[in-house]
Each structure stands twice: as structure tokens, then as C-alpha cells.
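**Q** Chains L and R supply the protein sequences, listed in that same order. Numbered per this note's numbering, the first sequence spans residues 1 to 150. Numbered per this note's numbering, the second sequence spans residues 1 to 282.
The set of hints was computed from the structure by calculation and includes no laboratory data. Only a predicted model underlies this, so the values are computations on that prediction, with no experimental measurement involved. Where is the CB? At the ideal position from N, CA and C, for every residue including glycine. Please note: incorrect hints may appear among the correct ones.
[Stated by the list, open to error] The calculated label-pair distances, taken between Cβ atoms and stated as ranges, are: (1) P12(L) x E224(R): 39 to 45 Å; (2) R25(L) x L37(R): 40 to 46 Å; (3) R145(L) x N99(R): 49 to 55 Å.
[Claimed, not checked] Residues from chain R shown here face chain L by an in silico Cβ test under 8 Å; the list is partial: (4) E42; (5) G43; (6) A118; (7) A155; (8) L160; (9) D163; (10) P174; (11) I255; (12) I281.
Below, each chain spelled out in residue letters.
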Amino acid sequence: MQFEKEVEILVPREKVWNFIWDVDRFIACVPGCKEAKTIEEGKKYSATLVEKVGPFKVEFPTNIEVLERQELAHIKAQASGADNKIGSRMKIDLDVKLREQDNKTILGFVATVDVLGKLAALGHGIIKRKADQVLDEFALAVKKRLEGDA
Amino acid sequence: MLRRFRLEEPETVAEASEILGRFGESAKIYAGGTELLLAMKEGLVQYERLVNLKKLKGLNEVAQEGGEIRIGALCTHHQLEGSVLLQKQLPALTKLEQNVANVRVRQAGTLGGNLCFAEPHADPGTLLMALGAKMIAAKSTGQREIAAAEFFVDAYETSLQTDEVLTEIRVPTPSAKSRSAYLKFGYLERPSVGLALAFNLNGGLRDVRIAVGCAGPAPRRVEEAESMLEGKSREEAERILPQAGAAAGRASQAISDLHGAQDYKEHIVGVLLKRAFQSAIG
Numbered sequence: 001m002q003f004e005k006e007v008e009i010l011v012p013r014e015k016v017w018n019f020i021w022d023v024d025r026f027i028a029c030v031p032g033c034k035e036a037k038t039i040e041e042g043k044k045y046s047a048t049l050v051e052k053v054g055p056f057k058v059e060f061p062t063n064i065e066v067l068e069r070q071e072l073a074h075i076k077a078q079a080s081g082a083d084n085k086i087g088s089r090m091k092i093d094l095d096v097k098l099r100e101q102d103n104k105t106i107l108g109f110v111a112t113v114d115v116l117g118k119l120a121a122l123g124h125g126i127i128k129r130k131a132d133q134v135l136d137e138f139a140l141a142v143k144k145r146l147e148g149d150a
Numbered sequence: 001m002l003r004r005f006r007l008e009e010p011e012t013v014a015e016a017s018e019i020l021g022r023f024g025e026s027a028k029i030y031a032g033g034t035e036l037l038l039a040m041k042e043g044l045v046q047y048e049r050l051v052n053l054k055k056l057k058g059l060n061e062v063a064q065e066g067g068e069i070r071i072g073a074l075c076t077h078h079q080l081e082g083s084v085l086l087q088k089q090l091p092a093l094t095k096l097e098q099n100v101a102n103v104r105v106r107q108a109g110t111l112g113g114n115l116c117f118a119e120p121h122a123d124p125g126t127l128l129m130a131l132g133a134k135m136i137a138a139k140s141t142g143q144r145e146i147a148a149a150e151f152f153v154d155a156y157e158t159s160l161q162t163d164e165v166l167t168e169i170r171v172p173t174p175s176a177k178s179r180s181a182y183l184k185f186g187y188l189e190r191p192s193v194g195l196a197l198a199f200n201l202n203g204g205l206r207d208v209r210i211a212v213g214c215a216g217p218a219p220r221r222v223e224e225a226e227s228m229l230e231g232k233s234r235e236e237a238e239r240i241l242p243q244a245g246a247a248a249g250r251a252s253q254a255i256s257d258l259h260g261a262q263d264y265k266e267h268i269v270g271v272l273l274k275r276a277f278q279s280a281i282g
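Only chain R is shown next, with the shape it has when bound in the complex (with noise of 0.2 Å):
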């Protein structure tokens, strides 16, 4: 059952992050409500105030500005699988939008909600991470960039302040060789692995990106798989890719759970990191 609380509706950012800051971990910002509200109903939370930010105006749009895509923190899953502008500039995205959780949780829940919860088992903190993608946290005072690969702490926490607010998630707009996909697996309700490669495709492969998800507490790039890919032609990527699949398995920082064993996921990202390739280079 929800307990009784008080609902705050700031009607700005800066409102949002005074009203945070004054009440700290009494206070929860609110959004989709997706994951939020099924821990408070089942007591594992408790808040005396919900922020409710589903009032503030321009954090819901998608659009392309300075060699960057910008899509604003309260855009639903929904809204962001059916945006034509990512279908057309990161399909990679779209794709994982398409199938997140079910079409209930993708109608209400919001992109910056699950960054901002780090539940270990979602999905797009993985792709953004091996894109590139840039964190906006605002507060009252000012705003700051957080590199997604910074942005993950550890399970349900992110290096955001009590104050601040996720407003916009930044993504450099892709080059015409520029490849990437993003690919899980699981057979729960959650994925137990998730893996995201990126890179550009010029005279081999150059600003490898490999990020791994779900697996542990929380995504993280997988350096030592990535500097194996660097700067090989596409032949040699694909003869090295069994021994970089097992290195960034091992660097997943996998951990045994009911979605598997740590050395069953570990060898599913090396299967999963072989798939993204395949899938990522057409």
C-alpha cells in the first residue's frame, strides 16, 4: 500500500532543485513513477515528499543542436520510439526504446527516470554510455555535464547531488561512419546481460566503445576489449572478436544473481559482443 505523502510541483528546474536541497533524502523526485512507485507500495521506500517534474515545460523534446542530439529527461520511451529523428540519426536507440519492459512501462516511464534510478538491469545507461552520451544536472544555482561513463556510481546510484535534476541527456550527433548497436539477452522479465558497441568505420575501426550492462551492479565500459578492436580492419576484427568477447567478459564485473551465473553472463557478452558486431557493421 502507498503510504500518505506530500506532492510538490515546482513549476521550474531551479524550484525543483531548492525544494530537493531543502528537504534531502525525505524528498524524491518524481517523473514516470514506473520504478519509484512500485518500491514505495511495497514499503522498500518510504518519502515524506514527491517532486513531481512532469509539470516542467521543454525537458520533453528531442532536437539537434550544435553537432549534438539533445533529448530531454521526460521524454517516455514511447515518445523516444516513435521519434523521427532518432530512427534517422541513432536507430541504435530506437531499437532499445522499442523494447524496453513492456508498452505500460514505456507509456509512463521516462528516459531520464530510469537513468536516475540505476536499477542494474536496464538498458539505455548502456548504449549511452558506449555513445558518448553527456548528463545535464541542473540546480538552482547552475548546471554541469556528466559523462555517462561518470554518471554510474554503482546499483541504484548515480553521481548526481541531492539537488540536482537530470534534465537533458546530450548524444554526439553520428557521422555518416559511424556504427553502433545494442543487443540483451535474458529470460526473465529483465535482461540478464546487455552489451553496446560503437565505433567509426574509417580505413578500420577507430573510437571503439564497448559498454556492458546488467551483468553487475552497474554499466561500465569494458576498456581492455575495446583497445583489442582499435584500429583493426573489419578481417581482423572479426578473427580477434572471440578473445576480445572473453576479455570483456571478464571485465564486466558480472556477478552471479537469478539472471545467471557470473561465468554464464560473462560468456554471453562475448556471444552478444560477436552479434552487436555483426549487427552494428550491416
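Just chain L, same shape as in the assembly (with noise of 0.2 Å):
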């Protein structure tokens, strides 16, 4: 499942940069993240994926990875877990890209997410739109907090 999406934060592309680094801020913004540790500073850090659809709920235990980085302008992560209980894995890679337009930030991120295991009984539909809606809610999130603070 392949998401896309884009958003204008109006405050500098600097500003963004560094709260994509500041994790405990950063992790505020991923709806249902917790326990975000950071393992090596710019590279590795680990976070808890909490998610759910009625009565069924998946618990990630997740490792970053970042694999590029190009100041200012690009990232590219990969993220993956296991929730051992349901039997059930996920992997999602991220590319996220700022470019800086008359003082504003756009942020745009293409995520290819993949899950496998029986929580994908839940049906492809199902869990594309449950990660659509993640994603929304982390762009806004990010917005908000950002503008908020500017």
C-alpha cells in the first residue's frame, strides 16, 4: 500500500528540519506512538505502533532505521515490527522530503506500507484506510504543533 501525501506548515524549512529530530516532540505527532528511545542519534531509534479497529488492537514493537539524509531537504527511513501475540509483522518505508515556498514549509512523505500475518484477515480495504487515516492525523498533528509553536 503505497500513501502520499503533502502538507504546508507555515514556519521555515529549518524549523521543521529540527523538530523531525527532536523525537519526543516528533513522536507526539504519530497517532498511537509510545516509548519512542533513541538508539543512535540520526540513525536508530525504536517506538511502540499502538493501533486499532474495533475490538481488534496491534501493538508494534518497531526499529527505525534511517538510510539517507541530505540536510535540510530529505530523509529516507524504514520501519519495521512484529506484534508476536496476534502473529502479525509490518513494514513501512519512508521518504520524506521539505521544500522551503515564500517562508513556508512544504512536507511531503510517500510511505509504502506493508502488513503481513493474520491481522491482514482484516481485509486490505480495511487497513489501508485505518493507515490513511494514521497519516492524515500525523500531517495535521505536525502542522498544528509546528504553527503552534512558531
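Hints in hand, dock the two standalone chains.
**A** Here it is in C-alpha cells:
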């Protein structure tokens, strides 16, 4: 499943870039994300992603690895985790791009999400919709947080 | 494998509600178990307590009272497909119940359980929505009515509170002028699209209600299509059906999945609306 989102944030690019690397503040914008830790500054992180569809709950302890980083412009990262309780795995390939336009920042990201295992029994459509909702909420939270701080 | 759980066996709805309120998300109502136990065996959900409702009295009857058909939430699909009252008053519901899943599910599964589990590919909620049904949700402190259109919130989610028990489904008794039909189409075990149509034939089509299920996360009314048919004569309605079907498809919130792509499902909605109209009008 691939998702493409773009959000316009009314603050300069440098501020958005710094925010992305401020793990505690950034993680607070990811719905259902908790226990974020820095394993290796700028390279490896861990977090737990918790999501719910009706009575079905998943909890993915997730490892996040930054694969590429181009100052103020581009981040490529991969996140993967498994919920052994319900026998499911997920992998997210994330491509984040920042560009400045008239003192505001366009934050764009492409997320390729794969969910495998029993959770997939819920149906591709349901999972896709949930992932889409999560990404929308995330984009909105980042915008609110940064513009609120400005 | 099914993990260990405690089975609670309340004798009244108030007692069941009290248990559900006390244990919150660690407890779940158990009626037919046709959906719940499969999910539990797969390990997709885990509960410390199951609250067995099957010993509650008076929740498995079908009766006509005060201008309504009252269906107990614990009625099994099998019981409903054989109900003489339903055959006479709500033949579309009888036909639907005859075709729910398979004979094993119909024997054990209850109408209430089907509605409360809110599996997106279930049949009954869609027709009940078009028939203007109301759900009765009871708890220890009283009960409330929930219109079918407000009952379904999302995939696997209803507007019931944690401590509420669905006790009854009430459908307005149809008049001699009422017409209704439910049709479904699919090529897997569960339907890709279900469509229900209900209206009164009273110098034209009145009170038109169209609901689409299975295509999206939850059944929903498609008012855009209803308004196109409202007040039209039979002939006018027949002419306008292709446009109304297309509007119904667009408004159905169909999502692409293994049961079909979004545009495919939207097309099927249109086909089913045309056929449901022919079936309802007779």
C-alpha cells in the first residue's frame, strides 16, 4: 500500500527539519506511538506503535532506521515491527521531502506500508483506510504543533 | 487455539450490563459466537471474560406490537428464516436470512450478534437501515433507541456503549403500499456489495430509502440516490434508475479490497439498485 501526503506548514524549513529530529516532540505527533527511544543519534530509533480497528488491537514494537539523510531536504527511513501476540508484521518505507516556498515549508512524504500475517485477515481495504487516517492525523498534528510554536 | 477465559452467565440484562461495565474492554458479550470465537481462536482478540447472554429470557422472540415488528436480539438467523410473522410482514428480511452465510452459521449465529460485531461484509444491517429499524440498547439504568443509520459507526464499530446490551430490533410494520428488497452480489464467501431498497407506492414512490452495505467499512444510506427517486412515478423512476444507481455507487464509500475494486463495486451498486427496484415493485 502506498500513500502520498503533502502538508503546508507556515514556518521556515529549518524549523521543520529540527522538529523532525527532536524525537520526543516528533513522536507525540504520530498517533498511537509510545515509548520512543534513541538508539543511535540520527540513525537508529525504537518505538511502539499501537493501533485499533474496532475490537482488534495491535501493538508493534518497532525499529526505525534512517537510511539516507540530506540536510534540510530529504530523509529516507525504514520502520519494521512484529506483534507476536496476534502473529502479524508490518514494514514502512518512508521517504520524506522538505521544500521551502515563500517562508513556508512543504512537507511531503511517501509511505509504503506492508502488513503481513493474521492482521491481514481484516482485509486490505480496512487496513489501508486505517493507515491513511493515521497518516492524515500525523500530518495535521505536525502542522498544528509547528504553527502553534511559531 | 482458544485461550482460557472466564464464562459469566448473567440471568438478567441489568446483570450483564453491570458485568460489562465493571470489566470494560476485558469482557465481551457472547451470543452465537460465530464471529467472536473464530477471532478468538485466531488470536486476533483476547478477552478475560465472555458474558454469555444465551440464558437471558425473552430475547429470542418475534412479535408484532404497537405498529412494530419486534425481533429479539438473540433470535438465530435460522429462527428468523422460518418465522411466519416475518414471512408475512417482512418477506425481504426472510429472504435475506435464508441466505446469510451457511447453514451452520444460521443455526448458531444471532441477529444481535451479527449487528454488534459489525463485520463490514454482513447483510442484515443494510436492510434494517432501509426498513427504518431501531435498535434497543439496554443497560442497568435503562434503555435507549438507536436508529439503524446511527448504529453503525465504522468497520467493527457500533455506537453501543461498553455496558449496553442490544436487546431488540424494532422495524415499523409495513403498510399494504410498502415495497422492499435486498440483493447482494459476490464471488467470495462474503458479499462484495449488498443493497437494500424500501419505498411506499402511493401515487408515486414515497419515503424512498436506499442502503448500501459490504462495499465500504459500514452500511450507509445513500440519500443522493434516494432524493432522485423520491416522488417519481414508476415509469419516471425506471427511466432515472441508471443515474440514481451511479449516484448511489458514488455515495457508497466503496473501498478496494479482495472483494473488488472501488469502481467495480460502485458499478455493482447501480446494477443491484435496478434489480432491487424490479424485485420490489413485482
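**Q** A separate judgement is required for each hint: does it hold in the structure or not?
**A** Right, here's what the structure says about each hint:
no., hint, verdict
1, P12(L) x E224(R): 39 to 45 Å, "holds, 44 Å"
2, R25(L) x L37(R): 40 to 46 Å, "holds, 44 Å"
3, R145(L) x N99(R): 49 to 55 Å, "holds, 51 Å"
4, E42, "holds, 6 Å"
5, G43, "holds, 5 Å"
6, A118, "holds, 7 Å"
7, A155, "holds, 5 Å"
8, L160, "violated, 12 Å"
9, D163, "violated, 15 Å"
10, P174, "violated, 32 Å"
11, I255, "holds, 4 Å"
12, I281, "violated, 33 Å"
Consistency with the previously given hints fails for numbers 8, 9, 10 and 12, ordered from lowest to highest.
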